[in-house]
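Undergrad: Residues per chain are reported as follows:
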Amino acid sequence: MREMLSMIVVLTLLASVSGGLLAAVKSGTELRIEEQILKFQKAPAIESLFSNVTNDPLKERFNLETEDASIQIFPGKMADGSMAVAFETLGKGGYGGDIGLMVAISLDKDSLVGARVTTHAETPGLGSRAKDDLQFVSQFNDKTMDTNLALKADNGTIDAMSGATVTSRAVTRAAIQAQTLYKNLKPEIIKQIQ
Amino acid sequence: MAQSLAKEFTKGLWAEIPPFRLVLGLCPTLAVTKSVENGIGMGLATTFVLVFSNLLISLLRNVIPTKVRIACYIVIIATFVTIVELVMQAFTYPLFLKLGIFIPLIVVNCIVLGRAEAFASKNNPVLAVADGLGIGIGFTLSLASLGAVREILGAGTITIWGGNPVFDITTWYQPFTYMVEAPGAFAALGLMLAGMNLISKK
Numbered sequence: 001m002r003e004m005l006s007m008i009v010v011l012t013l014l015a016s017v018s019g020g021l022l023a024a025v026k027s028g029t030e031l032r033i034e035e036q037i038l039k040f041q042k043a044p045a046i047e048s049l050f051s052n053v054t055n056d057p058l059k060e061r062f063n064l065e066t067e068d069a070s071i072q073i074f075p076g077k078m079a080d081g082s083m084a085v086a087f088e089t090l091g092k093g094g095y096g097g098d099i100g101l102m103v104a105i106s107l108d109k110d111s112l113v114g115a116r117v118t119t120h121a122e123t124p125g126l127g128s129r130a131k132d133d134l135q136f137v138s139q140f141n142d143k144t145m146d147t148n149l150a151l152k153a154d155n156g157t158i159d160a161m162s163g164a165t166v167t168s169r170a171v172t173r174a175a176i177q178a179q180t181l182y183k184n185l186k187p188e189i190i191k192q193i194q
Numbered sequence: 001m002a003q004s005l006a007k008e009f010t011k012g013l014w015a016e017i018p019p020f021r022l023v024l025g026l027c028p029t030l031a032v033t034k035s036v037e038n039g040i041g042m043g044l045a046t047t048f049v050l051v052f053s054n055l056l057i058s059l060l061r062n063v064i065p066t067k068v069r070i071a072c073y074i075v076i077i078a079t080f081v082t083i084v085e086l087v088m089q090a091f092t093y094p095l096f097l098k099l100g101i102f103i104p105l106i107v108v109n110c111i112v113l114g115r116a117e118a119f120a121s122k123n124n125p126v127l128a129v130a131d132g133l134g135i136g137i138g139f140t141l142s143l144a145s146l147g148a149v150r151e152i153l154g155a156g157t158i159t160i161w162g163g164n165p166v167f168d169i170t171t172w173y174q175p176f177t178y179m180v181e182a183p184g185a186f187a188a189l190g191l192m193l194a195g196m197n198l199i200s201k202k
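Those protein sequences? They're chains A and B, same order as listed. Residue numbers for the first sequence follow our numbering, beginning at 1 and rising by one. Residue numbers for the second sequence follow our numbering, beginning at 1 and rising by one.
You can take every hint at face value.
Derived contacts from chain B toward chain A, CB cut-off under 8 Å, selection only:
hint	residue
1	Ile64
2	Pro65
3	Lys67
4	Val68
5	Val75
6	Ile76
7	Thr79
8	Ile83
9	Gln89
10	Ala90
11	Tyr93
12	Pro94
13	Leu97
14	Gly100
Hints are computed from structural coordinates only; laboratory data are not their basis. What you are looking at is a predicted structure, and each value in this text was computed from that prediction instead of being measured. All residues carry an ideal CB built from backbone N, CA and C; glycine is no exception.
I would like the entire structure built from these sequences, with the hints used as guidance.
TA: Right, here's the structure in full:
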């Protein structure tokens, strides 16, 4: 009895102290990590999507509140004067967790400018091609908001990467989520930009 | 005391150097040593975890009940690994991206758990820290040298912390990418192990 009690007490104490310590470190590094993600993950994706914008999408970013989250919106003024916005969505169910997808959508044409994978923990050489090899994500270019962006295997229009169906599906989920989000947020976005 | 302290520290540098002598922790060894930089990063992260988990486990060695000791060790190790992960994300983000999944995997690195079980749980905190530091530095040196061999043969250059290569032989040497791929890791590790055996045999 005494032994069992000591096992329970020691493990509980150890786990609680560890939990507390981690919470402290997490809240201490949170802001810096956010900055680093913006600098090393989002910025390259945005620069690649908005290669010829005339403004600075990173500086002009703003947040929009939805029911359950706050979304960072990066506005881009295209060379021909039209406006586009980029924002990130998370595709659930990748091979190594959620996959972040930065999606740019033209406000005038209601169509995708393009999409880039930002954060992921997919298998190097297989799922990681979603980020490194632009062939897969370039399928999203110029797709309209009504296009079914699911995989062809799921009656959609996107070809999966061979050997990485799970990853491909998670990316399409993020893209579809971006379509819905855009439809809901468009009035808000236009109000904010003007 | 001072003598045994030095002994515990230096054994990790040659006599029990991981992963060559203490053939543990091969997963990160083979996976991340594509370059010197990755090797050093992984080695330092593991050293941090080793030193602090050894210290804490040694301090608590009379408190932790034997039957749940492994669970306790894992909680302690996992805590330090998560701290390393968060700190790396906050301060060395590009390195964190390269090492990726192998940072959280330090939790199940047999070197860390092995030192906890075989050494820290039986010795005083000072010796335990010396042991952790020695093994950790040994691991870092191994990973860095393995990374150097693979990077030189596979890429022909050595680049540390971005910028220009500090070492470049591509003018007369044709790199073969086999060495930076996974099979090259086995070949390089095997050859280095053979070399070490040859030297220590004399």
